[in-house]
Amino acid sequence: MRNFLAILERELKSYFFSPVAYVVLGFFVLATGVAFYTIISWFNNYSMQSMMMAQQYRQMPPAINVNQLAIRPLFGNIAIIALLVVPGLTMRLFAEEKRQGTMELLATSPITNWQITLGKFASALIYYATMLLATGVFVGLLFIYGNPELLPILSGYLGLLLLGGCFIALGLLFSAFTENQIVALASAFFVNLIFVFLGWLGNFTGPTMSKVLGALSPLDHLEDFSKGVIDSTHVIFYLTFIFGGLFLTFVTVESSRWRGAR
Amino acid sequence: MIQVQNLTRYYGRTPAIQGVSFEVEKGEILGFLGPNAAGKTTTMRILTCYLPATSGSAKVAGFDVFNQSMDVRRRIGYLPEQPPLYTDMTVKAYLHFVAKIKGVDPRERKNRVNEVMEKTDITERQDQVIRKLSKGFKQRVGLAQAMVHNPDVLVLDEPTVGLDPNQIIEVRQLIKNLAGNHTIILSTHILPEVEMTCQRAVIISRGRVVAQDTIANMTQQKRGAGRLVLQVDGPAAPVRDKLASVAGVKKVHASSDNRYEVESEAGRDVRRELAQAVVQNGWGLLELRSKDKDFTLEEVFLNLTTEEGGANA
Ligand SMILES: Nc1ncnc2c1ncn2[C@@H]1O[C@H](COP(=O)(O)OP(=O)(O)O)[C@@H](O)[C@H]1O
Ligand SMILES: [Mg+2]
Numbered sequence: 001m002r003n004f005l006a007i008l009e010r011e012l013k014s015y016f017f018s019p020v021a022y023v024v025l026g027f028f029v030l031a032t033g034v035a036f037y038t039i040i041s042w043f044n045n046y047s048m049q050s051m052m053m054a055q056q057y058r059q060m061p062p063a064i065n066v067n068q069l070a071i072r073p074l075f076g077n078i079a080i081i082a083l084l085v086v087p088g089l090t091m092r093l094f095a096e097e098k099r100q101g102t103m104e105l106l107a108t109s110p111i112t113n114w115q116i117t118l119g120k121f122a123s124a125l126i127y128y129a130t131m132l133l134a135t136g137v138f139v140g141l142l143f144i145y146g147n148p149e150l151l152p153i154l155s156g157y158l159g160l161l162l163l164g165g166c167f168i169a170l171g172l173l174f175s176a177f178t179e180n181q182i183v184a185l186a187s188a189f190f191v192n193l194i195f196v197f198l199g200w201l202g203n204f205t206g207p208t209m210s211k212v213l214g215a216l217s218p219l220d221h222l223e224d225f226s227k228g229v230i231d232s233t234h235v236i237f238y239l240t241f242i243f244g245g246l247f248l249t250f251v252t253v254e255s256s257r258w259r260g261a262r
Numbered sequence: 263m264i265q266v267q268n269l270t271r272y273y274g275r276t277p278a279i280q281g282v283s284f285e286v287e288k289g290e291i292l293g294f295l296g297p298n299a300a301g302k303t304t305t306m307r308i309l310t311c312y313l314p315a316t317s318g319s320a321k322v323a324g325f326d327v328f329n330q331s332m333d334v335r336r337r338i339g340y341l342p343e344q345p346p347l348y349t350d351m352t353v354k355a356y357l358h359f360v361a362k363i364k365g366v367d368p369r370e371r372k373n374r375v376n377e378v379m380e381k382t383d384i385t386e387r388q389d390q391v392i393r394k395l396s397k398g399f400k401q402r403v404g405l406a407q408a409m410v411h412n413p414d415v416l417v418l419d420e421p422t423v424g425l426d427p428n429q430i431i432e433v434r435q436l437i438k439n440l441a442g443n444h445t446i447i448l449s450t451h452i453l454p455e456v457e458m459t460c461q462r463a464v465i466i467s468r469g470r471v472v473a474q475d476t477i478a479n480m481t482q483q484k485r486g487a488g489r490l491v492l493q494v495d496g497p498a499a500p501v502r503d504k505l506a507s508v509a510g511v512k513k514v515h516a517s518s519d520n521r522y523e524v525e526s527e528a529g530r531d532v533r534r535e536l537a538q539a540v541v542q543n544g545w546g547l548l549e550l551r552s553k554d555k556d557f558t559l560e561e562v563f564l565n566l567t568t569e570e571g572g573a574n575a
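Same order as they appear, the protein sequences are chains A and B.
Numbering follows this note's numbering, in which position 78 of the first sequence is assigned residue number 78; successive positions increment by one, without gaps.
Numbering follows this note's numbering, in which position 102 of the second sequence is assigned residue number 364; successive positions increment by one, without gaps.
Isolated chain B (complex conformation) (with noise of 0.2 angstroms):
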């Protein structure tokens, strides 16, 4: 659905972003992650061509960014950073606007409007001035009036920014509701937001794409040996002996509390096998638990932000 080629955008002398390739599939939810100032804003405005690149192509439903600029543009939607709201005008009178310019048949344009109100959850306020709105609600109104024209494809640029937590749970349940009837690009620097929302991720950092592939292989690979905390009640050194020897297991480290940590060989699950020689032993198998789960994701992250920082130094 989206096919972006070497894409290169120089600010002055500045490159914002450099040689950025990556490749979108319908119907598939792409977190484009990286910290403040890699080029999120930059690239997703190519796309959206509001910006023309550098070099490099980029491709939207098979039409051409730069050449095939209108076509592009009536099958995406964007919301950008600071959701374009025009905030002297009612929610209603808003999309209906939106809807206009984005060619929606004029037949159709009342259905559509009501629509996305509906799956934004803005309908009771669709007489309401955008001024008087809260952050949430300005939010959505910026995710409807994306959604308006029905696009294939939904660019979000940070759409959780400034909102509370509450607003950000919503916001983002709202976005996994709409993956499969749209490809979506979404950018943050957040990464429990691309773990939660996404597929698959391209990691961004100072302009160029660091990593690529899906949150599951992501964080499989830079694991490589897996952690796992065990609690065991029975004997100490007998207990670690036996957990060494499992098949798989390369290391144990016992600490207080009966608990054990094994390092596991890459890719290797061994929690079957553990649980089966401590239960087979007598002794009381208390917790068995992965530690790898809660922060891979963002040990991936920095890994690959702060090398490419250091080769790039």
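Same shape as in the complex, but just chain A (with noise of 0.2 angstroms):
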């Protein structure tokens, strides 16, 4: 737990100090800012006409569902941004001790690599989700326009977490593979690019089609959060996603060194 703790605290001070962490926060708060508007001005033209139509016809406003016209679009849009900024996250993770040789020092220090590999994704999954929570600035406003429920935003946080935790899982097994930072991060973009396209590829086949590929596609998880429904499926699905990449980064960081690479 104490040697956890040490590459933990090591990483998150890594995270304040780097540059580029900041380029990924501001990335990843000024896209969700783009996208938060431009739901809000879709959001805003769509109430706005619907009151006028009421008037109209002499009816009451329809009531207007907060949750489901802006705030489930907008952690769709969270988790592709995510998906495209967390590799730059990750990247640094294992690449870089090796690039620097401290890796050499890890290695024979009286430490375990469950400890260093455990340390190194807790450090880039509170990193993460301080920038969800930077987030929230956003959803809060929504509190303005309407009254949103508060349950399904909570939870769809939480699925957001552990989509993210997926993809930290898979940019630290990436990073293991390499010294080099960039083919670390490219290679997890690509895959992560895969991802995406392996649940969109689901709406032109069959529906069991759609379903497998559905289920493959951390993203497709996200939506039953965002709706407010905790499926105990879904949390599974994340919950193995994130173990099964940390135990293939685990094996990579103690092969790598039975091979001897340099």
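None of these hints come from the bench; they were simulated from the model.
Each hint can be trusted.
Some chain B residues well away from chain A (every beta-carbon gap over 12 angstroms; in silico):
#1 ASN268
#2 ASN373
#3 ILE430
#4 ARG489
#5 ASP495
Only pairs whose alpha carbons sit at most 20 angstroms apart, straight line, appear in this in silico EDC-like list of lysine to aspartate or glutamate:
#6 B/LYS372 to A/GLU9
#7 A/LYS98 to B/ASP350
#8 A/LYS13 to B/ASP350
Keep in mind the model is a prediction, meaning the values are calculated, not measured.
Note that beta-carbon positions come from the ideal geometry of N, C-alpha and C, so glycine has one too.
Mind assembling these two chains? They're in different frames, but the hints should get you there.
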């Protein structure tokens, strides 16, 4: 535990001193802001129109569901943005240790590869959670427009956190493959894109195939969370994905030592 | 303190070291000498539990490097060829981090860090970011890192490589000061480094140990016949004959300037007798020195490493 914390603390500090991490944070918030603005403009138009329609026909204006019409699409957008930026957070984690020779320090210290792997994962997850927290500003603004339900927001964030965990575990794995950060970034990014593609491909296939593809894509498991439903299948999917990624990372780190990779 | 037995390591199908065996006593500084690509780094990486051996065994402080790896790691400090520094951290923060992962008791951490900074003379730099330090200072931080948990054994892989002459002298002095408290293995491809800092040397070439002994024995053995140079103020022929007649002298060459090169029998010190012979005849002894001293170890080294090379080819 002490070793895990030592690794976690060092990585976190390193994030908060790293220009790359701030660029990632900045891009994340900015892109979320743009998405938010787009959704809100559309939402405003929509509610305006429905009000006018209601007046024209002398009816009660229809109940507008902020959760459904603004928050759910916002979360969907955040998921895509996270997918794009998380490799930027994870690329450094192992690649840099190898490049600067500090892996040799860690590997000859009385500390296990699990402690190293988990410490690094946790640091990226905490940094990512901080980024998510920053998007809370936008969600907060929605309370001005309407009366969104709190529960779907919280469960949605839980889903985003789990989803981010998947991207982080994957990025960590690719960082363990190489000592070149750019290679780690590009390969993680590429695999993430495949996941989006899988979900999207589902739209063009039959219902069974669509289900299978959707089940494989981490993005498709988010939907229920943002509806306020915490379904154990989705939670299990995410946790399996995360631990699978972490396990492969552990194996990679362990075996690169056996091979004597430099 | 360290027992290495028949250690072999392959990278793919090529052997990096084969059948390497040696021992290091407690408190000793052992020089691990060999040309580039001899297998020094590979051996050290096995000792520090970074790499597993293909076969053979190694024990540090009685613990097996493979089966009791954590026990070994706690007792070993390692300075790799490239000092393992987090360049975005300050010296102090870095050393605290290393102390933590090396398992230094939290209450002692501060003292330990201060002590190693003192020993390596980096106390004034403790708040500087490592990236901004000179190469010599980085190397000292590397050394401090290796010592922070007060390990029984220090493994230093070419600790003076890439430093300028002044820094080299400083780092060597530093290492010498550590002897006694720690058992040290220091690898190098520089001969004088071994002569200056170590008591004993293992010479490795193409993955095999080709010699191991104390520096004194190693040079003596190879020296076989000792060579001395004398400068004598006196008539050339009688001086030469007189020198040749001294017991233990094998050959005398006269050269210019009243100089004579004397070759003596193996392991026999004839300097006293030579001096006596000269003085008894009323000649002046202007100079008497051993010709071996400056480059014998180099000769040993070259002989061993090239002989082995020939045998392998
Ligand atoms: N990770 C590695 N993969 C493949 N070959 C290696 C690796 N590390 C070292 N070698 C080879 O093993 C031999 C010994 O290398 P090394 O132990 O680094 O020697 P030294 O430290 O004495 O220069 C060299 O021929 C080197 O090319
Ligand atoms: Mg080397």
